[in-house]
Every structure is written in structure tokens, then in C-alpha cells.
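> Listed below, chain by chain, are the residues.
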Amino acid sequence: MTESTIIETAEQRILQLFTENKTLLDEGAGSLLRNHREVSMKAFQRMGIPSRKVENYKYTDLTKLFSLENYNRAFRPTSFDFDMQEVFTCDVPEFDTHILFHVNGWYFYQNRTDQFPKGTIIKSMKSAWKENAELVETYYGKIADSSADPLVALNGAFAQDGVFIYIPEHVVIEKPIQIINLLRSDEDLYVTQRNLVVLGKNSQVKLMFCDHTLAIHSFVANYLTEIFLGEDSIADVYGIQNQHNGTAYLNGLFVHQGRNSQLITNTISLHGGIARNHLHVDLLGENANASLYGLTLTDKDQHSENFTSILHSKPGCHSNQIFKNVLDDSSTGAFTGRIHVLPGAKKTEAYQRNNSVLMTKAAKMNTKPQLVIDNDDVKCSHGATVGQINEEALFYLMTRGINENEARLMLMFAFAHEVLANIRVEPLRQSIDRLVNKRLRGEVSRCHDCKLECIR
Amino acid sequence: MLIIKDLHASVEGKEILRGINLTINAGEVHAIMGPNGSGKSTLANVLAGNTNYEVTKGEVTFNGKDLLEMSADVRAKEGLFLSFQYPVEIPGVSMINFLKTAVNESRKYHQLKELSAGDFLKVMREKKELVQIDSQLTNRSVNEGFSGGEKKKNEIFQMAMLEPKLAILDETDSGLDIDALRIVANGVNLLKKPENATIVVTHYQRLLDYIVPDHVHVLYKGQIVKSAGKELVLELEEKGYDWIKKELGE
Numbered sequence: 437m438t439e440s441t442i443i444e445t446a447e448q449r450i451l452q453l454f455t456e457n458k459t460l461l462d463e464g465a466g467s468l469l470r471n472h473r474e475v476s477m478k479a480f481q482r483m484g485i486p487s488r489k490v491e492n493y494k495y496t497d498l499t500k501l502f503s504l505e506n507y508n509r510a511f512r513p514t515s516f517d518f519d520m521q522e523v524f525t526c527d528v529p530e531f532d533t534h535i536l537f538h539v540n541g542w543y544f545y546q547n548r549t550d551q552f553p554k555g556t557i558i559k560s561m562k563s564a565w566k567e568n569a570e571l572v573e574t575y576y577g578k579i580a581d582s583s584a585d586p587l588v589a590l591n592g593a594f595a596q597d598g599v600f601i602y603i604p605e606h607v608v609i610e611k612p613i614q615i616i617n618l619l620r621s622d623e624d625l626y627v628t629q630r631n632l633v634v635l636g637k638n639s640q641v642k643l644m645f646c647d648h649t650l651a652i653h654s655f656v657a658n659y660l661t662e663i664f665l666g667e668d669s670i671a672d673v674y675g676i677q678n679q680h681n682g683t684a685y686l687n688g689l690f691v692h693q694g695r696n697s698q699l700i701t702n703t704i705s706l707h708g709g710i711a712r713n714h715l716h717v718d719l720l721g722e723n724a725n726a727s728l729y730g731l732t733l734t735d736k737d738q739h740s741e742n743f744t745s746i747l748h749s750k751p752g753c754h755s756n757q758i759f760k761n762v763l764d765d766s767s768t769g770a771f772t773g774r775i776h777v778l779p780g781a782k783k784t785e786a787y788q789r790n791n792s793v794l795m796t797k798a799a800k801m802n803t804k805p806q807l808v809i810d811n812d813d814v815k816c817s818h819g820a821t822v823g824q825i826n827e828e829a830l831f832y833l834m835t836r837g838i839n840e841n842e843a844r845l846m847l848m849f850a851f852a853h854e855v856l857a858n859i860r861v862e863p864l865r866q867s868i869d870r871l872v873n874k875r876l877r878g879e880v881s882r883c884h885d886c887k888l889e890c891i892r
Numbered sequence: 082m083l084i085i086k087d088l089h090a091s092v093e094g095k096e097i098l099r100g101i102n103l104t105i106n107a108g109e110v111h112a113i114m115g116p117n118g119s120g121k122s123t124l125a126n127v128l129a130g131n132t133n134y135e136v137t138k139g140e141v142t143f144n145g146k147d148l149l150e151m152s153a154d155v156r157a158k159e160g161l162f163l164s165f166q167y168p169v170e171i172p173g174v175s176m177i178n179f180l181k182t183a184v185n186e187s188r189k190y191h192q193l194k195e196l197s198a199g200d201f202l203k204v205m206r207e208k209k210e211l212v213q214i215d216s217q218l219t220n221r222s223v224n225e226g227f228s229g230g231e232k233k234k235n236e237i238f239q240m241a242m243l244e245p246k247l248a249i250l251d252e253t254d255s256g257l258d259i260d261a262l263r264i265v266a267n268g269v270n271l272l273k274k275p276e277n278a279t280i281v282v283t284h285y286q287r288l289l290d291y292i293v294p295d296h297v298h299v300l301y302k303g304q305i306v307k308s309a310g311k312e313l314v315l316e317l318e319e320k321g322y323d324w325i326k327k328e329l330g331e
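Heads up: the protein sequence lines correspond to chains D and B, in order.
Position 278 of the first sequence, counting from 1, maps to 714 under our numbering, and the rest follow consecutively.
Position 74 of the second sequence, counting from 1, maps to 155 under our numbering, and the rest follow consecutively.
Everything labelled a hint here was simulated from the structure, so no lab data went into it.
Among the hints, a few may not be true.
Said to hold, decoys possible - The calculated DSS-like cross-link candidates involving lysine-lysine, where the alpha carbons are at most 27 Å apart (straight line), are:
#1 K874(D) to K181(B)
#2 K874(D) to K194(B)
#3 K311(B) to K246(B)
#4 K874(D) to K189(B)
As the list claims (entries may be wrong) - Listed next, the stretches of chain B that the computed footprint assigns to chain D, with coverage defined by at least 3 CB atoms under 8 Å from CB atoms of chain D:
#5 107-119
#6 144-156
Claimed, not checked - Pair ranges (Cβ atoms, derived):
#7 P116(B) to Y787(D): 43 to 49 Å
#8 Q217(B) to S766(D): 54 to 60 Å
#9 K274(B) to S766(D): 39 to 45 Å
#10 Y787(D) to N106(B): 55 to 61 Å
#11 D581(D) to N133(B): 49 to 55 Å
#12 P116(B) to E828(D): 24 to 30 Å
#13 R877(D) to L315(B): 23 to 29 Å
#14 R877(D) to E140(B): 35 to 41 Å
#15 R870(D) to L315(B): 55 to 61 Å
#16 H191(B) to R877(D): 21 to 27 Å
#17 E828(D) to K189(B): 39 to 45 Å
#18 A584(D) to N133(B): 50 to 56 Å
#19 N133(B) to V608(D): 39 to 45 Å
C-beta atoms are modelled at their ideal positions from N, C-alpha and C, and glycine is treated no differently.
Kindly generate the complete structure, drawing on both the sequences and the hints.
Next up, the structure:
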């Protein structure tokens, strides 16, 4: 070919990156996974980078981000010449967890001595493709549908690594598994991460995702986690996002729930440039229970969106959502919550609430509940409030000698607490309480004592 | 201790207080009575620093300092306390954290060392006993789900913790049954010291059977129209507020 192609659009640039790196991307993958990648790329090309005209992306404009970014891609694991444990220490000493690291989307191997019950698999996605192909292929790409969402498709097209967790039937992992996702690079970087978690019948696990930046460069992070909850299984999924303003965090959590299974998610967004959490739960077995909580704190010109969709497919399922936002300066936020009760899903209970506090006149919050109920015999509710701080409560606190600033903080913290109270790991809850408190006070709340100045 | 001179205040442009004059000395208990809408609660709120009310004229000095210049929290730190007619529920703010912050903010203001967690709990136990407040209540969020009586008891408990120089009890008797009233009144009496003063704002005489005032004032249409000793309470009970209105030629 003698003609040089002019790359005009983000989609074209992404397609070119895909074509040029196809061999590298497919490394170690079986035909099914290779096929999934192809299908995902085609789906992405069909849908393109979503503009605000796309209903699901009405509140988060990605076209600007993608037209500007020409970041390096983390197609290969980053090599490090330092000890991760030394650079990054979680400052919650009493918080005993199994720690896993990802650096720029790649599972970071550590000489770990953690003992897990027999049959448990915790390893890099890339090696699971090879070593646990049958298991991975049963679930991979089945929970997050590439044909339905451009970011899911984009993730599917470029996914190379992440963590694969398999908890066998009747196994309970007592200690939380802490998955620390670090972004570290000496140039602007685009990162893809793909996780798969499979819980066997009657098993239990607590997962805690911590997302951080460890460098001042700009990042786009397209993360996606698929979780399958077998019958009677229980999963707690906590996410703490604490990244600098140059980060665009596009995170997807897609869950299939079997009969009687229980899911709790708690998404805490402390800091970031653009953050979009896409939470999708399919209640596929009777009497499954999903509780989704979220707290988002934004300031300056940060933007965040929690986009949820809960599908009630079977009778007797219960879902509850509470999402709260505190918006300062000229930050913007959105909550889009969809509940769909399918025909036949009798005795469904589905609740949803979004409460936001605007600290300034310039801050802006959009909230859009969407209930589709194709059934009777259901209890559903949704509610949304956007307001300022309760002035009566403020006066009450001040008449007790508490200065206005402190009184406001107390009320903000109380507002946030309803979400935080649902964290079922006590040391984690306390630690997040502390972080949120610091964040509300305007102190930088890095939850680790790393030496890098990455909050900007 | 408190000197109010020609105090005028309005809310949303409507004048409620139309020239209040009142002097309160240490050790005194003053009752401010009057029919509904006479401005009793407005006076209490203006003194406490509620910014919904606008002071249009007059001056108030509290222990020699200009009270109206102070924000609500500074007034509290200077020793003024308002027991609310309708205490506010604040879900998510724990009673303990709230009180500890309040007590220590005041201590800091007076350049005293902050109380340690242990000392604070000790003080809290003592005061809880004094006002006979249910132990359970202090483990909850501020006033959240409290009954009417519990809320009022909680106000007196906070008063006990903060040890104000001047306490203003705004309709503390409203919504209280006779037993709760007795407990609340008893708490107030136990907290009484020669160097402190109390203003009891009330519509009825009932509370004044238990907290005996030295001076009684009748507030009507934003002015104090009658002042006398405790005998005025009985007179008002007998003759009702219409008697005052008649005296004023209405």
C-alpha cells in the first residue's frame, strides 16, 4: 500500500490500533475468545464513541475525550524495578485482606503466600485463558453484552488481562480480596482491564476494588468486571475510586445472579476527572437480592455518573439502590437508574433513590429514574432529591456552639453516612468514613502513604 | 447579664418585635408569657442568632458584649443556650459526636483543654443521670425518632452538658405529659446556679408551677406590656390573656 491513510476519527484510530496489534491482543486466547474480540470490535465500529445523543450517554460526553486522546496503549505489561509493597502500602493496618495488584490493567505477579481453600482460582486473566479455558469461556462476555454498549464492546476488543477469580461451591473466603488497580506511566496512557469473578453454589466472597493513579499523566481507564453469582452465593463488591483530575474512569460492573443469591455493591467515588460507573444486574434466579449503593464526591470541574440497570427476570427478587452525590464548585453529576421488571417476575420489590446536595450554584446534577414494569404484583419506588444543606439543622448545631463550617461538615458527613453504613467490613467502613471525612474537609484523602504526588 | 434595649425584629419584611426592653441579672428566672403570635418564639430565636429573623433596630448586650454582632455558635460559646420548641432531627449525626464536638468547641473557645474521650463519657454519664434521659437515646442520631418528650429531655440534657450562663427555654412544656414535665423542670432546677439566669418562654402557667420565676413579663404584639412578680402567673391563669387586652383598651 503506497497511499497513507489519514486518520480522521477516533473510531478509525481505534480500528487501526486494533488491526496493528491483533496478534499481540490475541496472544494466548482460544478461538472463542478471539471470536469474542472480533465481534466486540465490529459492535464498537457499529456503535462508535457515544455522543450525548445516545440516550444512555446523555449525561456523559465521551466524544471530546476520545477525539483528544491519542494516548499510548498498555498493550504489554509495564515493567517495574521497585517493590510494589514498598511504593504502595494500604494505611489500614487492622485491615487484613488478600491483596492483588494490577498495574495499568495488567495483573501484577507477587510472590504471594496467601492460602485459599482447595479449588479456588485467583490468577491473571491472561493465564486463565490458557489454563482454565473451559471455565472462562463459559462466562466470559456472556454477562456483559458487547453488542449492547460501546464501552463494553471497546473493552471486549482490547481486553488482555485482569483478574480471574473462581470460588468453588460451598467455599467461603473469609478475608476480603483487595484488588488494587494502579495507573502509573511516564506518558499519557490508555488502559483496558477485564475481570471475571465466578461464584459457585453457596459460596461467599468479599471483593474490594481500589482505583488509584500513581503518576501525574493523563489516563483513560476502561475497566470491566463480570460477576456470576451461583445459587445461594453471596458477594460484596466495594469500589473506592481515588484518582487525579486527569483520569477518565470508565468502569463497568456486570452481574448475573442465580437463585437466592445476594449482591451488595458500594461504589465510592472520592476523586477523579471523569468517572462513569455502569452497573448492570440481571436477577436471573428466583428470590435473588441486589443492593446497590453509591457515594460520589466531586469538586472543581469533575464529572461523575452512576448508570445503573437492574433487570428483574424472575419472581420474588428484591433490589434496592441508594446513590448519593455531594457536588462542590462547578462539578457535574448524573444518576441514571433503570429498573426493568419483566413479564412473569411476580412479587418483585425494586426500590431506588438518588439524593444530591449542591454546595454551590454552579454545581449541577442530573437525575433520571426509569422504571419499566411489565407486570403487576410488584412493589417499586423511586425518588430523587437535589437540594442544599438543611438550614434548620445547621442553625440547631450552631446554637450548640459548633461553628458554621464544622456544622456543615457534620451534616454533609451525615448525608454520606447512609451509604457508608452499608459497608459490611467494619475496618473498611471505618477507613472509608475517615477518607470521606477528610475529603469533605477539603484535605487530600489519599488512602495510602505512597510518596508520589498524584492528586492534581 | 442580658440587657435588651428597644429591640425590633422582622421576618420576611413583617415586623414581629416592636421595641422590647428587658434586663436580666444573674441568678434570676424570668418568664415570658403571652398569647400565640405575640412574638415569644421570635424573641427566643433572635437572641439565639437565627438569621431568618432580621433585627431592624435596638441593641442587646450579653455580659457586656454586643450579642447581635455574634454568630449563633459564638453566642453559644459565650454561654447562651436555646432549648428549641421543635428540636431538629439530624439523621446520621450521632448524639455522642455532636455533643463531644459542641463541648470541645466551647472549651477551645475558652482556651481550655479538650476533654478526652474517657472524661467526656464520664461527664455525659453524670449529666444523663441528672436529667434522667434514657441511655439508649444518646446512642442514636440527634433527635432521630425521638418522641416529643424525649426531644425536650434531650434539650435539657444538652443544656446540662454545655452549662450555659443564660438558658432560654422556648415552650419547653409543649407536648409534654405531666411526668415528663416534672423531670424536665427538675433538671432545669438542678442546673440552676446563682451566677446563671433562665428565661422561660411559655404560653401556659403549668411549667411555672415547677420552675418558679422571679419576674413575669407579658408579651403582646411584639412589646412587653406588663411586668410583675410570680403572682402575675396566677392572675393570668385566672383572668386569661383577654384581661391584658382589655387593660390595653382593646
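> Has the hinted range 50 to 56 Å been met by the Cβ atoms of A584(D) and N133(B)?
Holds, since A584(D) and N133(B) (Cβ atoms, about 52 Å apart) stay within the stated range.
> Holds or violated: the 23 to 29 Å window for the beta-carbon distance between R877(D) and L315(B)?
violated, 55 Å
> CA of K311(B) to CA of K246(B), is that 27 Å or under?
Distance ~22 Å between K311(B) and K246(B) Cα, so the pair holds.
> So does Y787(D) sit 55 to 61 Å from N106(B), Cβ to Cβ?
Roughly 58 Å apart at Cβ, these two residues keep to the hinted range, so it holds.
> Taking beta carbons only, do three or more residues of the region 107-119 of chain B come closer than 8 Å to chain D?
violated (count 0)
> Confirm or reject the claim that P116(B) and E828(D) have a C-beta distance inside 24 to 30 Å.
holds, 25 Å
> Quick check: does the Cβ-Cβ distance between P116(B) and Y787(D) fall within 43 to 49 Å?
holds, 47 Å
> Count the residues of the region 144-156 of chain B whose Cβ falls closer than 8 Å to any Cβ of chain D, and tell me whether that reaches three.
Contact hint for the region 144-156 of chain B vs chain D: holds, 4 residues under 8 Å.
> At the C-beta level, are R870(D) and L315(B) separated by a distance inside 55 to 61 Å?
holds, 58 Å
> Given a hinted range of 39 to 45 Å, is it respected by the beta-carbon distance of K274(B) and S766(D)?
violated, 52 Å
> Does K874(D) pair with K189(B) here, judged by a C-alpha cut-off of 27 Å?
holds, 21 Å
> Go ahead and decide if the range 54 to 60 Å is satisfied by the Cβ distance of Q217(B) to S766(D).
Violated, since Q217(B) and S766(D) (Cβ atoms, about 44 Å apart) do not stay within the stated range.
Going down the numbered hints, you'll see the structure goes against 5, 8, 9, 13, 17, 19, while the others check out.
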